[in-house]
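Colleague: Each chain, written out:
Number of protein chains: 2
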Amino acid sequence: MEFISGVKQKEDISISQLLTGNYIGQTVRMRGAVHNVRDMGEMVFVILRKSEGLVQCVYEDHPDRAADRGADTAAGAARSDGKDNEAGAPAAPADSMPVPLQLSNLKNLKEESAVEVTGRVAAEARAPYGYELRLCGIEVLSEPDEILPLAINKFKMHTSLEAKLAMRPISLRNVRERAKFKIQEGIVRGFRDFLMSQGFTEVHTPKIVSRGAEGGSNVFKLDYFNKKAEMGQSPQFYKQTMVGVYDRVFEVAPVFRAEKHNTTRHLNEYVSLDFEMGYIDSFEEIMAMETGFLQYTMELLAKDYQKELEMLDVKLPDVSRIPAVRFDKAKELVAEKYNRKIRNPFDLEPEEELLIGRYFEEEYGSDFVFVTHYPSKKRPFYAMDDPEDARFTLSFDLLFRGLEVTTGGQRIHDYKEILKKMEKRGMDPADIESYLMIFKYGMPPHGGLGIGLERLTMRLLSEQNVREASLFPRDVTRLEP
Amino acid sequence: MEFISGVKQKEDISISQLLTGNYIGQTVRMRGAVHNVRDMGEMVFVILRKSEGLVQCVYEDHPDRAADRGADTAAGAARSDGKDNEAGAPAAPADSMPVPLQLSNLKNLKEESAVEVTGRVAAEARAPYGYELRLCGIEVLSEPDEILPLAINKFKMHTSLEAKLAMRPISLRNVRERAKFKIQEGIVRGFRDFLMSQGFTEVHTPKIVSRGAEGGSNVFKLDYFNKKAEMGQSPQFYKQTMVGVYDRVFEVAPVFRAEKHNTTRHLNEYVSLDFEMGYIDSFEEIMAMETGFLQYTMELLAKDYQKELEMLDVKLPDVSRIPAVRFDKAKELVAEKYNRKIRNPFDLEPEEELLIGRYFEEEYGSDFVFVTHYPSKKRPFYAMDDPEDARFTLSFDLLFRGLEVTTGGQRIHDYKEILKKMEKRGMDPADIESYLMIFKYGMPPHGGLGIGLERLTMRLLSEQNVREASLFPRDVTRLEP
Chain P
0 MEFISGVKQK EDISISQLLT GNYIGQTVRM RGAVHNVRDM GEMVFVILRK SEGLVQCVYE
60 DHPDRAADRG ADTAAGAARS DGKDNEAGAP AAPADSMPVP LQLSNLKNLK EESAVEVTGR
120 VAAEARAPYG YELRLCGIEV LSEPDEILPL AINKFKMHTS LEAKLAMRPI SLRNVRERAK
180 FKIQEGIVRG FRDFLMSQGF TEVHTPKIVS RGAEGGSNVF KLDYFNKKAE MGQSPQFYKQ
240 TMVGVYDRVF EVAPVFRAEK HNTTRHLNEY VSLDFEMGYI DSFEEIMAME TGFLQYTMEL
300 LAKDYQKELE MLDVKLPDVS RIPAVRFDKA KELVAEKYNR KIRNPFDLEP EEELLIGRYF
360 EEEYGSDFVF VTHYPSKKRP FYAMDDPEDA RFTLSFDLLF RGLEVTTGGQ RIHDYKEILK
420 KMEKRGMDPA DIESYLMIFK YGMPPHGGLG IGLERLTMRL LSEQNVREAS LFPRDVTRLE
480 P
Chain U
0 MEFISGVKQK EDISISQLLT GNYIGQTVRM RGAVHNVRDM GEMVFVILRK SEGLVQCVYE
60 DHPDRAADRG ADTAAGAARS DGKDNEAGAP AAPADSMPVP LQLSNLKNLK EESAVEVTGR
120 VAAEARAPYG YELRLCGIEV LSEPDEILPL AINKFKMHTS LEAKLAMRPI SLRNVRERAK
180 FKIQEGIVRG FRDFLMSQGF TEVHTPKIVS RGAEGGSNVF KLDYFNKKAE MGQSPQFYKQ
240 TMVGVYDRVF EVAPVFRAEK HNTTRHLNEY VSLDFEMGYI DSFEEIMAME TGFLQYTMEL
300 LAKDYQKELE MLDVKLPDVS RIPAVRFDKA KELVAEKYNR KIRNPFDLEP EEELLIGRYF
360 EEEYGSDFVF VTHYPSKKRP FYAMDDPEDA RFTLSFDLLF RGLEVTTGGQ RIHDYKEILK
420 KMEKRGMDPA DIESYLMIFK YGMPPHGGLG IGLERLTMRL LSEQNVREAS LFPRDVTRLE
480 P
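Order-wise, the sequence lines are chains P and U. Quick note: the first sequence uses numbering that gives the first Met the number 0, first residue 0, plus one each step. Quick note: the second sequence uses numbering that gives the first Met the number 0, first residue 0, plus one each step.
By construction, these hints were calculated from the structure, which means they are not laboratory data. The model shown is predicted, which means the values in this text are computed figures rather than measured ones. It cannot be assumed that every hint is accurate.
No copy is singled out in the list; a pair is fine if it fits within one copy or between any two copies.
Stated by the list, open to error - Below 30 Å or equal to it, Euclidean Cα-Cα: the simulated DSBU-like pairs (lysine-lysine) are: (1) 423 x 109; (2) 377 x 220; (3) 226 x 302; (4) 420 x 376.
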């Protein structure tokens, strides 16, 4: 009987291993995609693309290199002389066996081939990371069928967003494109790790629902075994429900909005970072928790994603303190400073959001600002009204460089109060009975928020279009790739 | 201007703080739900439910306790004498101000109220964790409107699955019910943390797609701005695509299957733990990676989820080595040992899976078994056929106590080869052009797997129905809660 007993070390090395400096002078193997081949006549540079970065490999057909090449051949031979393949892999097919390296092998190498190179590690100041591989062998693991239609191996692609998105599966291979989503990974890690440290429990709630949390017409409808169903606009009802179970919960999951806007800020499917916390004394605690998340995450990015931040020229914002301003006050400040008339006292126009962002940047040097006490009529029924003035709610948005990236607030926890608010809005409690159940049988004071991951990423990267921050964006016209 | 500068320590303490033992003899505050009130005449026990567990609080109306009560009142007074509320919360409304504690306050306490208790910490061997709070004050933060219709405060609920699911928002408050999903959290943490340590990148791919990866009729269809769309059955195409970008990727996200089966093993929406890895030498590497994940996760559960494992009587399986057997061989072994006729050589019936599980338990003491080399006709077009016998594929399922919890394998990476296989199956390449693009322009040898989170949880917990392992299950008849 064969047994599988866990991960075995592979024979090829990673970039982190290379960077230890322990391999200088040694012959190693590395695997990756052929990012670029530069033919310099007697010399060929092959740039290998790995997940962690690029590796410069060089081969020189020159008498001075004969000694090296002798060594290389020896190393190449050692390779096939039977060192156990620990993963129990079958032998490589005969047609891909390593052949003695010649310049012509490299000159004919197709970009985007998957290869394993063998080479001696040398310090080389002009190479990425300060190391290069002096090649002595190359094995082609797989080859493309066609030549790339766009220059993903340029540092900047200089291609329109439309063209990039049409070829997304390939354009993401560009090192700057993929760096964006590495940073996005860091944001999600920061969210989870920070909330775990604060006693939150991660939950997974259904995305096919009988009724959306926000209501309205911007829902995708589907037929669920002859019943009407919708794609969840938000995990709102479920995360509140789970506060009754775990006190503090979070979820990272897709949400779906059938909004017909085709703007630079909207996606029809996006990743929502949601949390909800019980036993709060005030809605300020929710803003404090979000500030804590941002502080933790900026530190994490600075620590683990420095390479990507540098590549994209990202300057991390200062989040040591974030100003908070009332909705009505924010409108006044902006109207006054920028000579703007307040047209609608109950709503913020995108332009007004931009000006509020600008105001707090200019006056307080802050990229972020909490706008609090949104008008009740602009918030969903479950939002808690301000006991001091019921026209406003104990809620907030977080603006990041003038763009709303978060909506949050305290929720009603009292059964009679939520029924009253629903009645006032002409809603039928029977429609959401299983949600109202949590209030009927008791809920602590609580609140929470939802953060749009792509918007947060977009602003952090100073991108102008939210599609730049989504691997495979969904918008009114885009359902593929 | 008000500024928010991050999370402030709250004045109430957590169970972990209580367990430090540093609070013995001190008067502390704790917040939680009233899980149970036991009226013993002169004495009342209040069991507080917090996310981390239960806390026993006791109040005795007895002359011997007069001293304590005096101290309590002092502490209660100290509370309102103006210690700064660090979170900047507004003062509590007058109707919930703490009142001098009397037996009658506690006797009238409604279960599922949210409260803050004040009490002196005492060692008490009979209490959970060995500590109790001698109450001196209680503040009701919120009250339920109605009395619970089911006894969630019993250790075991003795309620039918149907009844539990109908009242899911409430029944999850039972400590054993919620412990299941705490363990589920641990599985997901294990998956992510382990894969991160192995150089994987986390990705988020769209769930609204133009065409499902698995094909067939079991897809939920929706109207996407007058275009036909589907809910993703699997992130298959996208995770393969991302191997071209990051070499190794994973995703934890919902998948949707419109299967009409109403069995104990099927859900119509579930959480899929997916990974995909490039530059593999063989499909055994994928099984090795999964084994590594299981090893890491069992250790994590033993370390951080001991309380929940004990509560649910879970014995963690031995995953130091997992047997791997060929599909055809497994059928033979089972037919021979259990006197069973092989009816269909190309498929495994659920009963056969159970027997294979039993066989490897009996013969090798293993709860897990990899079944490899599934017949090609039973696998999707992108599966790589075995070069030694094209009737079979380089693929596997992982069975856990006789239930399939994972499907994985090596994928075709060559453009011409995948076109050939599609042609043989009568598929039109134009339908999935943006997926096929990755092969046309070059992909490394790669493979991966998808794990059904709820099935893995169900088997680990020895539950008989997969619905027990889903917070809010979706099945043919269930769209709520």
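Colleague: Reference check for the pair residue 377 and residue 220, CA-CA at most 30 Å: within, between, both, or neither?
Modeller: Result: close within a single copy only, 24 Å intra versus 32 Å inter.
Colleague: Please work out whether the CA atoms of residue 423 and residue 109 approach to 30 Å or closer within one copy, between two copies, in both situations, or in neither?
Modeller: between (68 Å within a copy, 29 Å between copies)
Colleague: Go through the copies and call it for residue 420 and residue 376: within, between, both or neither, with a Cα cutoff of 30 Å.
Modeller: Within one copy only: 11 Å inside a chain, 57 Å across chains, cut-off 30 Å.
Colleague: Please sort residue 226 with residue 302 into within, between, both or neither, judging by C-alpha distance up to 30 Å.
Modeller: For residue 226 and residue 302, neither the intra-copy (49 Å) nor the inter-copy (44 Å) Cα distance is at most 30 Å.
Hint 3 alone, counting from the list given before, is not met by this structure.
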